[in-house]
Amino acid sequence: MMSPVRGSPAVNVGSDVGEVMRVAARRIATLLSAAVEQRGVATMALAGGSTPKQLYRLLAAPPFDLDIPWSRVKLFLGDERCVPPDHPDSNERMVRESLLVDLPEAPAFHPMPGGHPDPAKAAGLYAERLVREIPGDGTPVPRFDVVLLGMGDDGHTASLFPDTPILDEERLVAEVYVPRMDSWRLSLTLPLLNAARNVVFLVTGAGKAATLARVLADGPRRDFPSSLVLPKDGEVEWHLDREAAALIGA
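Residue 153 in my numbering sits at position 153 of the sequence shown; the count goes up by one each step and never skips.
The set of hints was computed from the structure by calculation and includes no laboratory data. Just so you know, not all the hints are guaranteed correct.
[Said to hold, decoys possible] Cross-link-like lysine-lysine pairs, in silico, DSSO-like; alpha carbons within 30 Å at most:
#1 K74 <-> K232
#2 K53 <-> K121
#3 K74 <-> K121
#4 K53 <-> K74
#5 K232 <-> K53
Construct the entire structure; sequences and hints are all you get.
So, in structure tokens, the structure goes:
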């Protein structure tokens, strides 16, 4: 069973990674279905990297493949490496291979243009697509129904890395150069993430425990960008395994 840790945002701890993924899948299915019922369409930003692969495979299999009205779901990416879509490091490729390949109904998938030769131009094109595709809510910033995020051991989320200029970005999508990885990336920015109705963090593994404990205890800090994701009119929840949660409150 999932164990809630008291406080806000909601923190849920599973006994193992499998349980974390199953409960997160059920939660996402509930949120997407509710959005379709309320607004006729659901929008979700997907996390990249290795952690969500198992979650995506669950969502593409029974019972979630049939529980979610996929034909009325629009999927986007939270970040992308500036590589061609068939590159092994491409988040688009990972999503297609782990989630989209087995769904009985095809959602509308809007990947980031990671293969574009000009990262700044690519960011602008994707921002235009977000404004065009995500239903308005009376505000200039589109509101995702669900944003799925992970967290790195340095506290980064999406491609918002510690103490980088992108943390001050006012554009909805921005290009960012990551020196330690010697690579360009595209990322949704804080104004867009903080307009979401629901943010779901998925964090597993002992290697992230120390950083996670500080993110949850210290409040907003530029050296831990995950702590800056605080939607004004939305909900944040963290789905963790016991290893990642081991130092919370310690």
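Tested hints:
1. K74 <-> K232: Holds. K74 to K232 sits at ~23 Å (cutoff 30 Å).
2. K53 <-> K121: 29 Å, holds
3. K74 <-> K121: Holds, at roughly 23 Å.
4. K53 <-> K74: Roughly 18 Å between the alpha carbons, so the hint for K53 and K74 holds.
5. K232 <-> K53: 29 Å, holds
Comparing the model with each numbered hint stated earlier shows that all of them hold.
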